[in-house]
Amino acid sequence: MREFDAIVIGAGMSGLAAAIRLGMYEKKVCLLEKHTITGGLNSYYSRGKRRLDVGLHALTNYMEKGERGKPLAKLLKQLRLPYDSLELSPQKQSRILFPEKELVFTNDIEFLTEEIAKNFPTQVDGFLKLLTKVREFDEVNLDNEFLPAKDVVRHFIQDEMLLEMIFCPLLIYGSALEDDMDFSQFVIMFKSLYLEGFGRPEGGVRRILNLLEGKLKELGVEIEFKKSVTEILTQNNIVTGVKLESGEVIHAPLVFSSMGLPETLNKVFPAIHHQTPIGRMSFTETLYFFSQKPADMGLNDTIIFANQAPQYAYRRPDSLFQKESAVICLPNNFTHDDQSEGVIRLTHIANYDAWKALEKTEYKAQKENLHNYDFDYLNQLIQRLAPAKNAVQKTDLAFKDLFTPTTVERYTWHLGGCVYGSPEKTRRGLTPIKNLIIIGTDQGFLGIVGAMLSGISMANLYGLQGETV
Amino acid sequence: MQPTEVRQIVLDIIADIALDDDVTKIDDSIALRDQLDLDSMDFLDIVMELKKQHKVEVPQEDYPKLATMESCVTYLTPKFQALQ
Ligand SMILES: Cc1cc2nc3c(=O)[nH]c(=O)nc-3n(C[C@H](O)[C@H](O)[C@H](O)COP(=O)(O)OP(=O)(O)OC[C@H]3O[C@@H](n4cnc5c(N)ncnc54)[C@H](O)[C@@H]3O)c2cc1C
Chain A
164 MREFDAIVIG
174 AGMSGLAAAI
184 RLGMYEKKVC
194 LLEKHTITGG
204 LNSYYSRGKR
214 RLDVGLHALT
224 NYMEKGERGK
234 PLAKLLKQLR
244 LPYDSLELSP
254 QKQSRILFPE
264 KELVFTNDIE
274 FLTEEIAKNF
284 PTQVDGFLKL
294 LTKVREFDEV
304 NLDNEFLPAK
314 DVVRHFIQDE
324 MLLEMIFCPL
334 LIYGSALEDD
344 MDFSQFVIMF
354 KSLYLEGFGR
364 PEGGVRRILN
374 LLEGKLKELG
384 VEIEFKKSVT
394 EILTQNNIVT
404 GVKLESGEVI
414 HAPLVFSSMG
424 LPETLNKVFP
434 AIHHQTPIGR
444 MSFTETLYFF
454 SQKPADMGLN
464 DTIIFANQAP
474 QYAYRRPDSL
484 FQKESAVICL
494 PNNFTHDDQS
504 EGVIRLTHIA
514 NYDAWKALEK
524 TEYKAQKENL
534 HNYDFDYLNQ
544 LIQRLAPAKN
554 AVQKTDLAFK
564 DLFTPTTVER
574 YTWHLGGCVY
584 GSPEKTRRGL
594 TPIKNLIIIG
604 TDQGFLGIVG
614 AMLSGISMAN
624 LYGLQGETV
Chain B
3 MQPTEVRQIV
13 LDIIADIALD
23 DDVTKIDDSI
33 ALRDQLDLDS
43 MDFLDIVMEL
53 KKQHKVEVPQ
63 EDYPKLATME
73 SCVTYLTPKF
83 QALQ
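Respectively, the protein sequence lines represent chains A and B. Heads up: the first sequence begins at 164 in this note's numbering, then just goes up one per residue. Heads up: the second sequence begins at 3 in this note's numbering, then just goes up one per residue.
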């Protein structure tokens, strides 16, 4: 029987980062991954000769080399990665597009402030006060209590349309809750999107994963693929190790799990009673590859947060996917374009149960419907943003691929195909089982940067500083 | 071990952590925090590297003694000498 100082379940962003930290300080660490590759929710795949990223729209928390005290800088130092290794290129500009109003933002908050002054002149003073509040707030304090963010922000912003517009990107890029978010999470997202901004590592998510895998190799930590944890073993509510699908038992006095909170608690043996809710937010994603670039179509933004209704309904729709809103990501439109084809990704909020209920032929037909819908959506967007340009034709498409909430579930084993985890987070990483620690999404830090910082901080706290729980 | 050697050891550790900072221009009398992008997580790493690479232990109550390069050298030199 194999014995380790610590077991890390999952080689997604948080698990990879946690394993690196533990390995750096000579902990004997066992990193288990059910899939055949790393990345989890932010992985990659190939179709023919095309290389596709599952998740990467943008790396949040953009910084220039040498900027101090930034979350990305902390992360890079903790993992001993030089800034240049990311080959990060900043966004051009992104757009929040509502029926009658639009706001453009860049990686410089002054730009958004001016946009607000122009479009909502009575609101700009409140927005500036909100900025001060956000800057001064200690959002990463593990003891922060839950506070509904919209209530707080309404003290500063009275125009409901502007409020919805500010919240739209923040919700869809990181809220496990429907319609609202925790104020700490609001501040995290506000800083990562509006104060720091978007960047793209050259080559997409593979660059990040290659760097992390390279570090593990240097440290002599092996990633064990196709190792599915089926039971988390305990004795008197203290973790003792894990059991794999193969029947193998691995022992360790400390287990870090990135599977998600309900997913983890479901595997505890002997079983424990818990009522951790499964997250309801999942998405469809349509990926288009064109021979022409988005700029040729008149689309010059990096990411467009589009919403055709006056209110932004960030919640699970009754239908397969929510038709009114979409995120349109144009990875060519970073300062440096690293792709030979034009790539357009469209994301909708989606209903996992509705997709799950479809049988095979119906599922295929509905994916085709989604494609048709998205193609029209794209042309409507072109018409609104670049009326002088011609519509794109389906015959212009070199390649397309679509995925749904059930695809997310199939490759990441997140219950309900949920992307932002359970609405219930465990900020200190603790579970009812001693020394069973939650990392990543359900510790409350998500996105690529957030998940890695979570893995790092939990490994530091419980693995290296020996905080007893 | 001489203070200059201890200084070099500390410098190497810092250079390894603050990969993007220029450590050749450190002023030994000014707080490291004010010259380099180092936060409390990084100071913990310095402590852990000292232990891992050189078996030198720094108890938590002594962390303030690592504030400047000068104070690092003053504090750590006897510890390194005690090892020999
Ligand atoms: C479509 C999409 C777009 C996104 N876009 C962005 C973006 O542009 N920018 C951004 O910052 N973030 C984005 N995200 C979010 C980001 O990908 C996630 O927040 C982050 O990757 C979560 O990492 P994690 O380590 O918490 O979890 P995961 O990545 O889910 O890691 C968990 C790992 O555990 C493994 N696992 C599960 N069960 C078992 C088991 N029983 N045994 C062993 N291993 C197991 C899984 O295979 C997985 O590798 C996107 C996500 C999606 C789905």
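Quick caveat, the hints were computed from the structure, so don't treat them as lab data. Among the hints, erroneous ones may be present.
To be verified - Cross-link-like lysine to aspartate or glutamate pairs, in silico, DMTMM-like; alpha carbons within 20 Å at most:
{"#": "1", "chain 1": "B", "residue 1": "Lys57", "chain 2": "A", "residue 2": "Glu189"}
{"#": "2", "chain 1": "A", "residue 1": "Lys378", "chain 2": "B", "residue 2": "Asp22"}
{"#": "3", "chain 1": "A", "residue 1": "Lys233", "chain 2": "B", "residue 2": "Glu72"}
{"#": "4", "chain 1": "A", "residue 1": "Lys212", "chain 2": "B", "residue 2": "Asp18"}
{"#": "5", "chain 1": "A", "residue 1": "Lys380", "chain 2": "B", "residue 2": "Asp23"}
{"#": "6", "chain 1": "A", "residue 1": "Lys233", "chain 2": "B", "residue 2": "Glu63"}
{"#": "7", "chain 1": "A", "residue 1": "Lys191", "chain 2": "B", "residue 2": "Asp23"}
{"#": "8", "chain 1": "A", "residue 1": "Lys233", "chain 2": "B", "residue 2": "Glu59"}
{"#": "9", "chain 1": "A", "residue 1": "Lys563", "chain 2": "A", "residue 2": "Glu587"}
{"#": "10", "chain 1": "A", "residue 1": "Lys228", "chain 2": "B", "residue 2": "Glu51"}
{"#": "11", "chain 1": "A", "residue 1": "Lys233", "chain 2": "B", "residue 2": "Glu7"}
{"#": "12", "chain 1": "B", "residue 1": "Lys54", "chain 2": "A", "residue 2": "Glu381"}
{"#": "13", "chain 1": "A", "residue 1": "Lys228", "chain 2": "B", "residue 2": "Glu72"}
{"#": "14", "chain 1": "A", "residue 1": "Lys233", "chain 2": "B", "residue 2": "Asp30"}
{"#": "15", "chain 1": "A", "residue 1": "Lys430", "chain 2": "B", "residue 2": "Glu7"}
{"#": "16", "chain 1": "A", "residue 1": "Lys296", "chain 2": "A", "residue 2": "Glu265"}
{"#": "17", "chain 1": "A", "residue 1": "Lys233", "chain 2": "B", "residue 2": "Asp29"}
Problem - Violations among the numbered hints, reported as their numbers in ascending order - result: The structure conflicts with hints 3, 4, 5, 6, 7, 8, 9, 10, 11, 13, 14, 15, 16 and 17, although it agrees with all the remaining ones.
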